[in-house]
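**Student:** Each step along the sequence shown adds one to the number in numbering that gives the first Met the number 0, with nothing skipped, and position 171 is 170.
Hints were generated in silico from the structure; no laboratory data involved.
Do not rely on the hints blindly, as some may be mistaken.
[To be verified] Have a look at the derived ranges for each label pair, beta carbon to beta carbon:
(1) E276 - K64: 34 to 44 Å
(2) E164 - T93: 49 to 59 Å
(3) K36 - K142: 28 to 38 Å
[Said to hold, decoys possible] Derived pair list, reagent style PhoX-like, types lysine-lysine, alpha-carbon separation capped at 25 Å:
(4) K200 - K290
(5) K200 - K5
(6) K192 - K283
(7) K9 - K142
(8) K113 - K96
(9) K77 - K90
(10) K13 - K192
(11) K262 - K199
(12) K90 - K142
(13) K266 - K5
Each residue gets a CB set at the ideal place from its N, CA and C atoms; glycine is no exception.
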Amino acid sequence: MLFIDKMKTKAKDKIKTIVLPEALDERILKAVDIISKDQFCKIILIGDENEITKKATENNFDISKSEIVNPSNSENYKEYVNIFYELRKHKGMTIEKAQELMLEPVFFGMMMVKQGKADGLVSGAIHSTADTLRPALQILKTKPGTKIVSTFSILVVPNCEYGEEGIFVFADCGLNQNPNSEELSEIAISSAKSFNQILKKEAKVAMLSYSTYGSAKAEEVDKVIEATKIAKEKEPNLLIDGELQLDAAIIPSIAQLKAPTSKVAGKANTLIFPELEAGNIGYKLVERLAKAEAYGPMCQGMAKPVNDLSRGCKAEDIVGVVAITCIQAQEQ
Numbered sequence: 000m001l002f003i004d005k006m007k008t009k010a011k012d013k014i015k016t017i018v019l020p021e022a023l024d025e026r027i028l029k030a031v032d033i034i035s036k037d038q039f040c041k042i043i044l045i046g047d048e049n050e051i052t053k054k055a056t057e058n059n060f061d062i063s064k065s066e067i068v069n070p071s072n073s074e075n076y077k078e079y080v081n082i083f084y085e086l087r088k089h090k091g092m093t094i095e096k097a098q099e100l101m102l103e104p105v106f107f108g109m110m111m112v113k114q115g116k117a118d119g120l121v122s123g124a125i126h127s128t129a130d131t132l133r134p135a136l137q138i139l140k141t142k143p144g145t146k147i148v149s150t151f152s153i154l155v156v157p158n159c160e161y162g163e164e165g166i167f168v169f170a171d172c173g174l175n176q177n178p179n180s181e182e183l184s185e186i187a188i189s190s191a192k193s194f195n196q197i198l199k200k201e202a203k204v205a206m207l208s209y210s211t212y213g214s215a216k217a218e219e220v221d222k223v224i225e226a227t228k229i230a231k232e233k234e235p236n237l238l239i240d241g242e243l244q245l246d247a248a249i250i251p252s253i254a255q256l257k258a259p260t261s262k263v264a265g266k267a268n269t270l271i272f273p274e275l276e277a278g279n280i281g282y283k284l285v286e287r288l289a290k291a292e293a294y295g296p297m298c299q300g301m302a303k304p305v306n307d308l309s310r311g312c313k314a315e316d317i318v319g320v321v322a323i324t325c326i327q328a329q330e331q
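Turn these sequences into a full structure, and let the hints steer you where they fit.
**Tutor:** Next comes the structure, spelled out in structure tokens:
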């Protein structure tokens, strides 16, 4: 069974409701058409019903099983405005600004999730990561105990013997620009938990660098070494090692040469990049050149599931992220 089919099957175990606020994007509507056929979750679209229905009809997409909510005439609009105002008034929020923002689909959708009208939200097909995560942080806040919100991407590489039968988690590929050692350790721990939650397999975490076991000396390498040490102290049972070059992390024969004593080298399925630039470039290289399925960036550390999409996503990618969001919601 293909990875995404497994995710859909898991999502059917307990049907969840997911908000898609970018309802006029054709890829979103095509994804809703696919989801309505697969019946693994309920969908709420945010926007004007006439406009959305017209766009779907023009493209022969069936969205009849989805609920459409228009913030401007919703019975919950005033309630959501007041809740948002109370949440943000200490930051200078006015009631007028709250009224304006609550008409925006992403903000309104986040409030639906906060108030239990939906279980998660997926956005990013036409919004930047910041425009997706800012409302999430303002409305949903972080999960108790969370020290840093981060993102991960799931890469499913065809005909690949490495990782978890070709499946990898990459982090952080979408949010934290240059995390320090403490932050990098938190990203590694969160990513391992995400791998375990979604794949139901043990994460083997490689802290990536251009150095393996001291083969290079630099401040950037020291950051990764320290992050690995901190993560091991926090989670003694976590299978994690670093610093490791990418080839040493995933290829057994290279691992034997460069890190023969490592329990992770050559077996890693969860790859932690030292900073955002490397992570973002890395996952897009694998997606495009290896023709991998790429899902995400997915968020970790939020109080409720909110996930970002790449603006270059396809409808099938959206379907996959929605299915994974359902699984995250089941674990809440």
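**Student:** Work down the list of hints and note, for each, if the structure agrees.
**Tutor:** Status of each hint after checking the structure:
A hinted range of 34 to 44 Å for the beta carbons of E276 and K64 is consistent with their spacing of about 41 Å. Taking the beta carbon of each, E164 and T93 are about 53 Å apart, inside 49 to 59 Å as hinted. For the pair K36 and K142, the beta carbons lie near 33 Å from each other, so the given range of 28 to 38 Å is met. Restraint check for K200 and K290: satisfied, since their Cα atoms lie roughly 24 Å apart, inside the 25 Å limit.
Restraint check: the Cα-Cα separation between K200 and K5 comes to about 14 Å, which is no more than 25 Å; the hinted pair holds. Restraint check for K192 and K283: satisfied, since their Cα atoms lie roughly 23 Å apart, inside the 25 Å limit. For the proposed pair K9 and K142, the alpha carbon gap of about 23 Å is at most 25 Å, so the pair holds. Between K113 and K96 the alpha-carbon distance is near 19 Å, which keeps this suggested pair within the 25 Å criterion.
This hinted pair checks out: K77 and K90 have alpha carbons roughly 20 Å apart, not beyond 25 Å. Of the pairs offered as hints, the one joining K13 and K192 holds, with about 21 Å between alpha carbons and a cut-off of 25 Å not exceeded. Restraint check for K262 and K199: the C-alpha separation of about 20 Å stays at or below 25 Å, so the hint holds. At most 25 Å may separate the alpha-carbon atoms for a hinted pair to count; K90 and K142 meet this at roughly 20 Å.
Distance restraint check for K266 and K5: the Cα-Cα separation of roughly 22 Å lies within the 25 Å cut-off, and the hinted pair is therefore satisfied.
Hint violations for this structure: none, all hints satisfied.
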